[in-house]
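Engineer: Okay, here's what each chain looks like letter by letter:
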Amino acid sequence: KNEVEQSPQNLTAQEGEFITINCSYSVGISALHWLQQHPGGGIVSLFMLSSGKKKHGRLIATINIQEKHSSLHITASHPRDSAVYICAVRGSNTGNQFYFGTGTSLTVIP
Amino acid sequence: ETGVTQSPTHLIKTRGQQVTLRCSSQSGHNTVSWYQQALGQGPQFIFQYYREEENGRGNFPPRFSGLQFPNYSSELNVNALELDDSALYLCASSLWVGETQYFGPGTRLLVL
Chain R
345 KNEVEQSPQN
355 LTAQEGEFIT
365 INCSYSVGIS
375 ALHWLQQHPG
385 GGIVSLFMLS
395 SGKKKHGRLI
405 ATINIQEKHS
415 SLHITASHPR
425 DSAVYICAVR
435 GSNTGNQFYF
445 GTGTSLTVIP
Chain G
1208 ETGVTQSPTH
1218 LIKTRGQQVT
1228 LRCSSQSGHN
1238 TVSWYQQALG
1248 QGPQFIFQYY
1258 REEENGRGNF
1268 PPRFSGLQFP
1278 NYSSELNVNA
1288 LELDDSALYL
1298 CASSLWVGET
1308 QYFGPGTRLL
1318 VL
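Top to bottom, those sequences are chains R and G. Per our numbering, residue 345 is the first one in the first sequence, and the count goes up by one each step. Per our numbering, residue 1208 is the first one in the second sequence, and the count goes up by one each step.
Check before you lean on any hint, since a few could be wrong.
Stated by the list, open to error - Pairwise CB distance ranges (calculated): (1) G:L1319 with R:H422: 34 to 42 angstroms; (2) R:Q353 with G:N1237: 33 to 41 angstroms; (3) G:S1234 with R:S351: 32 to 40 angstroms; (4) R:G401 with G:R1270: 19 to 27 angstroms; (5) G:I1219 with R:K397: 25 to 33 angstroms.
None of these hints come from the bench; they were simulated from the model. Where is the CB? At the ideal position from N, CA and C, for every residue including glycine.
Kindly generate the complete structure, drawing on both the sequences and the hints.
Structural biologist: This is the structure we're talking about:
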């Protein structure tokens, strides 16, 4: 079993739809990251969270430490949001080890 | 553009060979992490360096080794390459341990 599980694995949405990607983790963490990876490999860090909620433009990330769960929301989705979204956690007792989910592949159709 | 660069962009090696991948961190960043991403998978943490010392390691064998230099650039060395080492290798730098990571574009390694 992976330390970080994401759902859904694949997601197709119409432009303008509200999108939610979920992440659950099983280890104690010091921080959770949401990453965006475009075809060809380039990774961009979207958020780093240790509690509560963060917003950046149309993106919102929330985390519930007690439930070991985080969500990434995209409002008014756009085709340029098409990418793989990866949840990663930094273990709090694992010597700075990072654990990654396998990613959610999002396609937004015009 | 994150300011993190990696070289080479692509590399082909044969089983048993050794490879060195390089990463130049964003200016002022003293922490660098290396990841292996197999096709269709999420990245796997290899190790992290902070101020030239290893500061955490994932479940990779000792033939994966690293170095961080005084200018905080970094190398990943892999000895005795195996076919399963074929992957995208990513480095990421951050201002301090635990801060937001900035990823390089990756080096795509193919082992034949």
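Engineer: So, for every hint listed, does it hold in this structure?
Structural biologist: Cross-check of the supplied hints:
1. G:L1319 with R:H422: 34 to 42 angstroms: holds (40 angstroms)
2. R:Q353 with G:N1237: 33 to 41 angstroms: The hint (33 to 41 angstroms, Cβ to Cβ) holds, given that R:Q353 and G:N1237 are roughly 36 angstroms apart.
3. G:S1234 with R:S351: 32 to 40 angstroms: holds (38 angstroms)
4. R:G401 with G:R1270: 19 to 27 angstroms: Because 43 angstroms falls outside the window, the suggested range is violated.
5. G:I1219 with R:K397: 25 to 33 angstroms: violated (45 angstroms)
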